[in-house]
Amino acid sequence: MDVELITERRRFDELRPMWSELLDRSGIHHPFVTHEWISAWWNSFPPAGTPYLLAVKDGRSLAALAPLVLDRGKMYGCPIRRLHGMGNVYTERFELLLGDRPQAAAEALWGHLKRHADRWDVLELRQLPLESRTLDALSGVAAPDGCAVGRWASSESPYVAVRGEWDEYFKGLKKVHRADMRKRLAALEEEGPAGMEIVRTDADLGRDLADALRLESSAWKGAHGTAIDSRADSKAFYESLLRTAAKEGWLRLYFLTTAGRRIAVRIALLFHHRLYMLKSGYDPEYARFSPSHLLCYKMLREAWNERHAEVDFLGQAERWKLSWSNGLRPHVYLFLFPRRPVPRLLHAMKFQLLPRLRRTGFYERLRGSASKLGITMYEE
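Taking my numbering, the leading residue of the sequence shown gets 1, the next gets one more, and so forth.
Below are the DSS-like pairs computed for lysine-lysine, each with C-alpha atoms no more than 30 Å apart in a straight line:
#: 1; residue 1: 221; residue 2: 183
#: 2; residue 1: 247; residue 2: 221
#: 3; residue 1: 175; residue 2: 279
#: 4; residue 1: 235; residue 2: 247
#: 5; residue 1: 235; residue 2: 279
#: 6; residue 1: 350; residue 2: 114
#: 7; residue 1: 74; residue 2: 235
#: 8; residue 1: 114; residue 2: 57
#: 9; residue 1: 171; residue 2: 183
#: 10; residue 1: 114; residue 2: 74
#: 11; residue 1: 247; residue 2: 279
#: 12; residue 1: 221; residue 2: 174
#: 13; residue 1: 221; residue 2: 279
#: 14; residue 1: 279; residue 2: 321
#: 15; residue 1: 321; residue 2: 235
#: 16; residue 1: 321; residue 2: 221
#: 17; residue 1: 175; residue 2: 321
#: 18; residue 1: 74; residue 2: 350
#: 19; residue 1: 235; residue 2: 221
#: 20; residue 1: 279; residue 2: 183
#: 21; residue 1: 321; residue 2: 171
#: 22; residue 1: 174; residue 2: 279
#: 23; residue 1: 321; residue 2: 183
Source of the hints: derived by calculation from the structure; they are not laboratory data.
Make a model of the complete structure from these sequences and hints.
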């Protein structure tokens with residue numbers, strides 16, 4: 001197998017026809033490392049470092065992809081050159097595309113990384129699902145070569161596995177939650193007929209996206225500056241992504257309506273029969289009806305009707321998500337440190353020294369002292 005280092009956008013674009021086919025062979029069922037997602041990210045958030053996309057070729061076929069970026073930063077005050085996945089805070093999940101021969105692909109990728117270990121100090125892959133092939137395949141080839149490997153536990157994302165009958169699932173939820181949904185739905189019905197509108201196409205996408213972004217920013221997100229349209233780059237990213245999703249058949253905009261008025265939204269992608277919940281929001285005028293929960297109720301019922309495989313809430317295990325979920329998906333960060341003194345010292349600090357200090361309570365005092373000196377402790 002041969003490895004090509006791609007740093008130019010033109011070569012990235014040329015890979016699109018082969019990318020989707022490789023994604024399927026890699027057993028990846030989420031949209032966060034699709035060519036479409038990364039393309040929208042690249043257009044809206046130009047990489048601060050150098051694109052470092054590794055393409056593994058087996059003859060004429062594409063055997064694996066590692067969509068990475070090489071940039072500079074600091075770790076415990078120490079300047080580092082960091083390889084990390086193409087993405088940012090909006091990239092809820094990440095994996096390498098290892099095809100149907102993950103071991104051979106990982107060996108080829110590691111061979112390149114090892115030969116060029118003088119270029120980087122740490123490889124950091126965030127938000128890997130615990131079941132990802134990337135974890136064991138890459139760790140398994142790097143550790144025997146003396147590379148220091150570490151895993152850091154991240155979020156547990158709630159999801160709903162769509163199985164059995166709807167009534168069976170709904171009866172399995174807490175009684176008080178079911179009763180609250182019935183009560184609030186009845187109250188909303190007094191305002192006018194309550195329904196759900198689903199946008200799947202780009203027939204009137206300009207208006208639909210405007211409504212979705214307006215609702216997403218209407219409550220606390222707008223006031224706190226965390227709404228999609230609070231930043232020009234995040235707004236450009238989602239508009240680009242969702243327009244592409246509409247063309248690909250992935251788009252799902254769920255609107256809760258009352259008397260024909262849109263009062264809540266869930267922005268989602270349907271990918272490989274799984275529904276991924278990206279963003280949500282509601283009109284605060286209707287807050288007393290818990291519109292986000294009511295929309296979730298209707299959306300989940302629709303997922304059963306459509307026989308989707310899963311509804312993934314993504315992100316952290318927040319209480320409102322747990323009230324609906326029947327499973328949790330753990331994620332980890334994977335760190336590789338090449339066999340050199342400084343990277344090995346950083347590995348020892350993160351995975352040996354600091355965990356011990358945290359157990360003693362000394363870590364918080366150390367972090368406070370470091371902050372006074374202008375040193376940011378590495379938290380993730």
